[in-house]
Amino acid sequence: MSVAWDDIGGLVDAHERFLAGSLVESDVRDSVLDSWKRCRSVGLQPHRLLVPYTEGVTLDDRFLRAAGPVLGDLTSALAEVSMTIALCDGQGRMVQRLGGDRQLREKLDAVQFAPGFDASEPVVGTNGVGTALVERGPVYIAGREHFADCLQPFACAGAPVRDPLSGRIEAVLDITCLRDQGDPAMVRMVREAARGIEARLLDQATQRERALLAAYRRADGHAQGWPRQPEEPRPDPDGGGLDRIDMAVLREKAEELIASPHRTFDEVALPGGRTATLLLRQVRGATGETGVAVEARVAGGPRLRHVGLTASPAGARSAATGAPAAAAPHLRVGASAQGPASPATPQRKVPPKRASTPPASPALPPHTANAHDPSAIHTAPVAQALTAPQATPASPAPTAPATAHPDGESAGADGWLLLIGEPGVGRLAVLARRRLELLHDASVRIGTTLDVTRTAEELAEVTVSRFADFVAVDLPDSVLRGEEPEALGGRTALRRVAIRAVRRQPHNLYDVGDAVEYVPSTPQARSLETRQSVMEPVLTEAGGWIAQDPERLERVLAAGIHSLITVPLRARGTTLGVVSFYRSLQPASFEDDDLSLAQELVGRAAICIDNARRYTREHNTALALQRSLLPRGRSEQSAVEVAYRYLPAQAGVGGDWFDVIPLSGARVALVVGDVVGHGLHAAATMGRLRTAVHNFCSLDLSPDDLLTHLDDLVCRLDRGEGWAAENSPDSGIVGATCLYAVYDPVSRRCTLTRAGHPLPAVVAPDGTVEFVDLPSGPPLGLGGMPFETVELELAEGSRLVLYTDGLVEDRHRDIDAGLDKLRAVLAGDHRSPEGTCDAVLDALLPARPGDDVALLVARTHTLGADRVAQWELPSDPAVVSRARMAVTGQLAAWGLDDLAFTTELVASELVTNAIRHATGGPVQLRLLRDRALICEVSDGSGTSPRLRQARSTDEGGRGLFLVAQLTERWGTRYTPQGKIIWTEQRLP
1 MSVAWDDIGG LVDAHERFLA GSLVESDVRD SVLDSWKRCR SVGLQPHRLL VPYTEGVTLD
61 DRFLRAAGPV LGDLTSALAE VSMTIALCDG QGRMVQRLGG DRQLREKLDA VQFAPGFDAS
121 EPVVGTNGVG TALVERGPVY IAGREHFADC LQPFACAGAP VRDPLSGRIE AVLDITCLRD
181 QGDPAMVRMV REAARGIEAR LLDQATQRER ALLAAYRRAD GHAQGWPRQP EEPRPDPDGG
241 GLDRIDMAVL REKAEELIAS PHRTFDEVAL PGGRTATLLL RQVRGATGET GVAVEARVAG
301 GPRLRHVGLT ASPAGARSAA TGAPAAAAPH LRVGASAQGP ASPATPQRKV PPKRASTPPA
361 SPALPPHTAN AHDPSAIHTA PVAQALTAPQ ATPASPAPTA PATAHPDGES AGADGWLLLI
421 GEPGVGRLAV LARRRLELLH DASVRIGTTL DVTRTAEELA EVTVSRFADF VAVDLPDSVL
481 RGEEPEALGG RTALRRVAIR AVRRQPHNLY DVGDAVEYVP STPQARSLET RQSVMEPVLT
541 EAGGWIAQDP ERLERVLAAG IHSLITVPLR ARGTTLGVVS FYRSLQPASF EDDDLSLAQE
601 LVGRAAICID NARRYTREHN TALALQRSLL PRGRSEQSAV EVAYRYLPAQ AGVGGDWFDV
661 IPLSGARVAL VVGDVVGHGL HAAATMGRLR TAVHNFCSLD LSPDDLLTHL DDLVCRLDRG
721 EGWAAENSPD SGIVGATCLY AVYDPVSRRC TLTRAGHPLP AVVAPDGTVE FVDLPSGPPL
781 GLGGMPFETV ELELAEGSRL VLYTDGLVED RHRDIDAGLD KLRAVLAGDH RSPEGTCDAV
841 LDALLPARPG DDVALLVART HTLGADRVAQ WELPSDPAVV SRARMAVTGQ LAAWGLDDLA
901 FTTELVASEL VTNAIRHATG GPVQLRLLRD RALICEVSDG SGTSPRLRQA RSTDEGGRGL
961 FLVAQLTERW GTRYTPQGKI IWTEQRLP
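The sequence shown lines up with residues 1 to 988 when you count with our numbering.
The set of hints was computed from the structure by calculation and includes no laboratory data. Values in this document were obtained by computation on a predicted structure and should not be read as measured data. Glycine included, every Cβ here is placed at the ideal spot set by N, Cα and C. Careful, some of the hints might be misleading.
Cβ pair distances, simulated, as ranges [unchecked claim]: (1) E788 x N620: 37 to 47 Å; (2) L623 x A248: 17 to 27 Å; (3) A847 x P122: 50 to 60 Å; (4) G784 x A847: 23 to 33 Å; (5) P122 x D73: 24 to 34 Å; (6) Y53 x T574: 37 to 47 Å; (7) P69 x G21: 45 to 55 Å.
Turn these sequences into a full structure, and let the hints steer you where they fit.
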């Protein structure tokens, strides 16, 4: 027993589950599911169809002549099987039904699939005719894939038939059979038959063109030897003939002239001071074909090299003057023309009338002359075939006779056939060329930035006035944030991102920034739901569109908007939004070719918008990572007053960074660095380097030692830290730069060193600016070279200005010019650090920085003598008691009696350890009252104490443990003279 394929699997009840609102994407083909969604959006009921009937539906004779032989052959091929062939018009109404046995025909009659009935998708649901019209391509629908219950016993395949010249769908061809006999190969059969009809239509057009050319020859009086349009210009000895560019320009203007319904004349300026005159003549063939011919005449330069002149037969007369035309020109092919152009109007030869010749057939009505149109002087209507046109008075100005050459040629500006065709075809050629130009401009102008909103605006700017009169782009907020959009459909919240209109007012439609939520019946919602474009040629008949907001959209219609195309923005399988194209000032409604063009334009824009969305996501991620790794808030230190700025580049987040790190002894470290590159890798590398600097600072390394350790770290990171290094553009970090400075508010000394970084600036309290002459070490990661330091003594209130190269250098300004400008901004400036940052950025930052910028301004403070106490102690255990008394007295003077016991104990332990374990020499005890109470004990030993866990039987080893428990922090730093043990206690 055979089982139909759609009786197996999820398709059995997919239709019922779809109508119930369940997801059936995995069980139904995409094209069928899209059709079901369209049927549901128009409110179609699968169990109840109302199929309208139209009497006398037919197609034009031209199409029926082309389709007849193809349908006859297809009927013969299907004679042995029970399949019927249906030919429907471009609206889905059946014109003919051929073939099939009686049983099949009766069943089709029962479901009203017969001539005169409507088979469009909005009327009968998913089927071979209506779905092929909507999809604009071949489809195959079998059994349960039909939306209507009554059509499920059938299988069908349909394909649209297009006019080969206009691309418009003229008809739909369908093959239908019972479901059990259906075969996907039916699609191939119906597609080949449709192509056969289209080929015959094209052949008919070719025959019409040949008939028009023959009529033109006969009307001109010489059926033999008419010059063919030259394929390729030959070289001209005078160097002034028409070349390929000239010929292309003339053909383009000729096509526009043919496409124009009211123009019969055009002038084209050519290089070399020449002017080409294009004249339009009507032509009618022997069997009624009508068309036009465009003749070209060139004046003001050397003659055309494509045509030569021969003497006319004796007795012929000029069509313009009636004078003997013995010297009148006769066009022929191949001769090389020479001599200057004559301003005389060329005259055409007309055969002499004989007495026995019957009266000529009536000529076509002449073109309406225009007082400002020179064609009224030069052109005359062409009579029907085999009839020469009667002369039309050209001009009262005398015509200069042509001068005969020895070889039979004559000089002058001569007419020659440039193009022949039909006005409708000429219009199509012009439209096709304009569409290609629009696509080219779109590829150049859309996507110039990686900004989602700007890309949407570029799409609207390119298409308005050349394709549509009003364009709106709607995107969800998630796309604007760079996120992956959720599934879009009816009632999805969108935001109007871009609007462009020919008129200033947007015709009462939503404005930029407005939230838009389309009801399910609108073309926009259907586009989002089905992921297909929707065209509404006549908006007054589009009830689903008006349902969005009847009161508002009635005003829109009254403003002149009459046609609409909606296209979903889809890229890489994701729907990003929808674009709406409206026409108002352009009288022609949208047609099939416009729909194809809109899809191509939006498809290109969608890729650019998706690229911008992905860039926005990466940019936001990198920016969030970098900002999380950069300092936030204010550092807890009193040595300097700090202001800073960080500005990411337009091209992407970079690796610029800065830091303010409190050090022991009330000192502070100022750091600015720059990692090569942009993006996540640069931000992550910056975070690693900043963390490394913090760790090295905790060891209280000197500036040059710190950069040496940092350089070694960068070398190891670049090599992969023991792993095989990945060979990718972002894997290396060699080339990072860094500037490191340490300021001591007690001594007012500042020690600086740098690794390939721009020079820091120092602004003295009197406003003088100096760039520190700091030796430049190699960038980080190169290794092998020592780093040198410079030590300065800064007056209180001096400002240190540290920055990255993005501030003073870009592609339009070298670093010397940037440093001069920075000096000028800082000179004489008595602003605060915040004001200094603002002034520097306002003066030096470009509008669209190509590199990120980090700026750090620090104004120095000093720790006065009233907040520092220092004692020199001999290396004698007896001085420990004296040290305790000195500490207690100083704390009492500072009003810190609450810390006296703890500090006395800490100082006693540290001084005792220094005397016991040091190599000798004096011991120094110092107290600093800053944000915390700092106690320091220094000696000449280079050994560092080590905190350890003392056993219960040990007599010593508990001193540092007590110090660590009684203080907030403690540590050791080394100096050229030895070491310093320091502790910090929080002030009460």
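Earlier hints that do not hold, by number: 2 and 4
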